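In the order they appear, the protein sequences are chains V and P.
For the first sequence, my numbering begins at 1 and goes up steadily by one.
For the second sequence, my numbering begins at 1 and goes up steadily by one.
Derived from the structure by calculation, the hints contain no laboratory data.
A hint or two may mislead.
What the hints assert, rightly or not - Here are the computed distance ranges between Cβ atoms for each label pair:
(1) P/243 - V/227: 51 to 59 Å
(2) P/142 - V/88: 29 to 37 Å
(3) P/198 - V/33: 14 to 22 Å
(4) V/96 - P/425: 21 to 29 Å
Computed from a predicted structure; not experimentally measured.
Positions of the beta carbon are idealized from the N, C-alpha and C atoms, including for glycine.
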Amino acid sequence: MNLRTFTLGMLTTFGFAWVFAVVLPFFKTRELTPVYFNEVADGKTDMYFPKRTGQVVNGAKVYAQNGCYVCHTQVVRPTYAGNDIHRDGWAGFKLDPDRGDTRRETNVFDYMGEDFAQIGVMRIGEDLSNVGSRYEKLAIDHNTKQKEALGDAWNDTMKVTPQELLYEHLDNPRKVLSMRWSTCPSFHFMFEDKKHASSHPIPKPEARSLVAYLLSMKKNDAVPASMNYSPVKPAQK
Amino acid sequence: MSQETQQTPEQDAILRTAIDRSLRHPVMFFFTSGAAWLAVSLVLGIIASAKMVAPEFLDGCAFLTQGRVFAGHMSVLVYGWGCQAAFGVLIWLVSRLTRQESRASGIILTAGHLWNLFVAIGLIGILAGYGTGVPWLEFPVMVWPVLLVAYALIAIWTMIQFRVRSTGAVYVTQWFAIASLIWFPWVLGTAVLLIFFVGGNALMAAAVAAWFHSGMIYLFFLPCAAAAAYYLAPKVTGHPVHSYSLSLIGFWSLAILGPWAGMQKLAGAPIPYFLPYLGAAATVLLGVPTIAIGYSTLRTMLSDTAKFASSPTLRFTAAGVVCMIILGLAGAFVNLPSSTLQISQFSITAYGMDILAVYGCFSFVMFGAIYFIVPRLTRREWLSKRLIKMHFLFSMYGVIAVASLAVLGGLIHGQGQEDFTHTWDSAAERAYPYLVATLIAWCFVLFSNFFFFMHLLLMWMRLGRRSSHPTLLGHAHLESPHGEEGDIDNAGPGSVIAH
Numbered sequence: 001m002n003l004r005t006f007t008l009g010m011l012t013t014f015g016f017a018w019v020f021a022v023v024l025p026f027f028k029t030r031e032l033t034p035v036y037f038n039e040v041a042d043g044k045t046d047m048y049f050p051k052r053t054g055q056v057v058n059g060a061k062v063y064a065q066n067g068c069y070v071c072h073t074q075v076v077r078p079t080y081a082g083n084d085i086h087r088d089g090w091a092g093f094k095l096d097p098d099r100g101d102t103r104r105e106t107n108v109f110d111y112m113g114e115d116f117a118q119i120g121v122m123r124i125g126e127d128l129s130n131v132g133s134r135y136e137k138l139a140i141d142h143n144t145k146q147k148e149a150l151g152d153a154w155n156d157t158m159k160v161t162p163q164e165l166l167y168e169h170l171d172n173p174r175k176v177l178s179m180r181w182s183t184c185p186s187f188h189f190m191f192e193d194k195k196h197a198s199s200h201p202i203p204k205p206e207a208r209s210l211v212a213y214l215l216s217m218k219k220n221d222a223v224p225a226s227m228n229y230s231p232v233k234p235a236q237k
Numbered sequence: 001m002s003q004e005t006q007q008t009p010e011q012d013a014i015l016r017t018a019i020d021r022s023l024r025h026p027v028m029f030f031f032t033s034g035a036a037w038l039a040v041s042l043v044l045g046i047i048a049s050a051k052m053v054a055p056e057f058l059d060g061c062a063f064l065t066q067g068r069v070f071a072g073h074m075s076v077l078v079y080g081w082g083c084q085a086a087f088g089v090l091i092w093l094v095s096r097l098t099r100q101e102s103r104a105s106g107i108i109l110t111a112g113h114l115w116n117l118f119v120a121i122g123l124i125g126i127l128a129g130y131g132t133g134v135p136w137l138e139f140p141v142m143v144w145p146v147l148l149v150a151y152a153l154i155a156i157w158t159m160i161q162f163r164v165r166s167t168g169a170v171y172v173t174q175w176f177a178i179a180s181l182i183w184f185p186w187v188l189g190t191a192v193l194l195i196f197f198v199g200g201n202a203l204m205a206a207a208v209a210a211w212f213h214s215g216m217i218y219l220f221f222l223p224c225a226a227a228a229a230y231y232l233a234p235k236v237t238g239h240p241v242h243s244y245s246l247s248l249i250g251f252w253s254l255a256i257l258g259p260w261a262g263m264q265k266l267a268g269a270p271i272p273y274f275l276p277y278l279g280a281a282a283t284v285l286l287g288v289p290t291i292a293i294g295y296s297t298l299r300t301m302l303s304d305t306a307k308f309a310s311s312p313t314l315r316f317t318a319a320g321v322v323c324m325i326i327l328g329l330a331g332a333f334v335n336l337p338s339s340t341l342q343i344s345q346f347s348i349t350a351y352g353m354d355i356l357a358v359y360g361c362f363s364f365v366m367f368g369a370i371y372f373i374v375p376r377l378t379r380r381e382w383l384s385k386r387l388i389k390m391h392f393l394f395s396m397y398g399v400i401a402v403a404s405l406a407v408l409g410g411l412i413h414g415q416g417q418e419d420f421t422h423t424w425d426s427a428a429e430r431a432y433p434y435l436v437a438t439l440i441a442w443c444f445v446l447f448s449n450f451f452f453f454m455h456l457l458l459m460w461m462r463l464g465r466r467s468s469h470p471t472l473l474g475h476a477h478l479e480s481p482h483g484e485e486g487d488i489d490n491a492g493p494g495s496v497i498a499h
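Pulled out of the complex, with its shape left as it was, chain V reads as follows (with noise of 0.2 Å):
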């Protein structure tokens, strides 16, 4: 092989597909058309666009920074690339008490916000493309379960929040009986020396915006059924 022919395979074959697989993808999905409900399917003609609350930007960065994704990813594969849709909780709820079944997987206005998407390396703990419905909805029924067992004695200030539920998993993961086999690490740094053992953990502003990042994800929202590719889904109210 002389240095011509060596010279010229190496542009074709590495240039070829550097062109077609890396820049032209990379360049053409820089700016997303938008989707818009339809008035016909959807009932609605909006344009769809997830919201995300919070200091998502800072929740990212502490996320990245923490490696957080080398144990969680963040990415419902649809049934032809796995089986994450029939989780419960990791797609959304077979049984929303609003809105029916919210499981979808996930599209890619999902990471609005964020400059990488941290899909992850490895599922050691849970996927986190619904970790902000689950604890909402886990605060939810321990307050109702709260109120049920108190009776008279319960009262608003006892409600626990979605916030305060996180900020205790991430001050020790195996806190909670159902989850001692985690091996999650305690970010135990990201919070304020507590006074007494009892009191709830102080969070300092790190761990504030991991946690409202964390929050913002509810992956689950109705999408247009244009984007729709789980029709089976009966489109509740």
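Given the structure of chain V, go ahead and fit chain P onto it with the hints provided.
Structure of chain P alone, referenced to chain V:
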């Protein structure tokens, strides 16, 4: 492999000695600092593995959080050890094959220091909590441009040497060496530029990162290992490369398939659908080049069984080449869409494949090359065959254990992940025993590399044996695998007085 020259054997030996002398400091610097980073990476790997099974271990320090330590472990393994070992071997190989002394050793050495400094800054950055969160690109963003500049300063002289060489033909080793020197900055530069500086869709950034990760393995580490194996096998045995056409197939199939692989990591994520399928197809087909390269180098090594049995270089290289074949076959086996891909995509298989590629395939061939090159550079022989044997046995045991446990255990782990009729903790439970075994295996690897590092350090300090007999693994032997006795570089006719 030997090139036609009009020189007499004496002149030839003098030239080889001169080349080795000119490269002694930069290449030895890359090897020793690389070995030191390898030890750092192994310590971090052990901490990370320990934390995966016992999260309370070293709990409470921010800089020892599992995620940061794991990121540091992989980054240091790739950029501290992997890249530096590769640079050392590649610049030496190209200098030897183009028959030219290095004229820029000072600059290469300075750039090597810059590289080390910024790997250190990068590691501190990750542990201090300034990592980028992009797998395999975790060093803080400011580190990357410096590393690319340092790389340019290291590699440009090798490229110039290659360009102005006197002989016309390009040999097998040179294809792989020059190709990996071109692919490395192309892949790294693209990823750094697109992800950190241009910015685009978050998902495509993740896809580019996955492509980069695969590119580092298949377009840098694997061709580096191939370049060294194609040099060492004929050189030590004294027989030509087994099949020229097979190595041609190996090279071009790698060049055609390698750049497409990687994006199967994002199968099911909302990126253009053809990308994960292309990535999976390319990774499955990459079994072809690994088998072609592996078969032709192994056949060359086995052409002289006596030397194969006694040469430390061949023993390490052969182990690395076998790992290369396993990597290709395992890559084909775990990346079948709608079958094994979904269970390997997010299980501990991913880690096992990385270790198999970087530590199994690549590092073993690099160890082989180091055992061959260092005596020529330092003009001393390795001190002890027992140390070499220990290094080989414990490393081999460790890497077989880590790779097979993580790859196979990962499939069991992945099945647990996919089995949605059981709760999530049952999937985590399935991975647990394999993670414990990985931890133990890493300890063996660290143990073996401690001896390797000490041995290398002694050689660097020129405390090796002053002898013209290479250190071999067997007992008595009649002929040396490193050429005719008395004709090796250390004491041959071309020897220049050592100082």
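Going down the list of hints, with the structure as the test:
1. P/243 - V/227: 51 to 59 Å: holds (53 Å)
2. P/142 - V/88: 29 to 37 Å: Violated - the Cβ-Cβ distance for residue 142 of chain P and residue 88 of chain V, about 43 Å, lies outside 29 to 37 Å.
3. P/198 - V/33: 14 to 22 Å: Because 20 Å falls inside the window, the suggested range holds.
4. V/96 - P/425: 21 to 29 Å: Cβ of residue 96 of chain V to Cβ of residue 425 of chain P: about 24 Å, so the range 21 to 29 Å holds.
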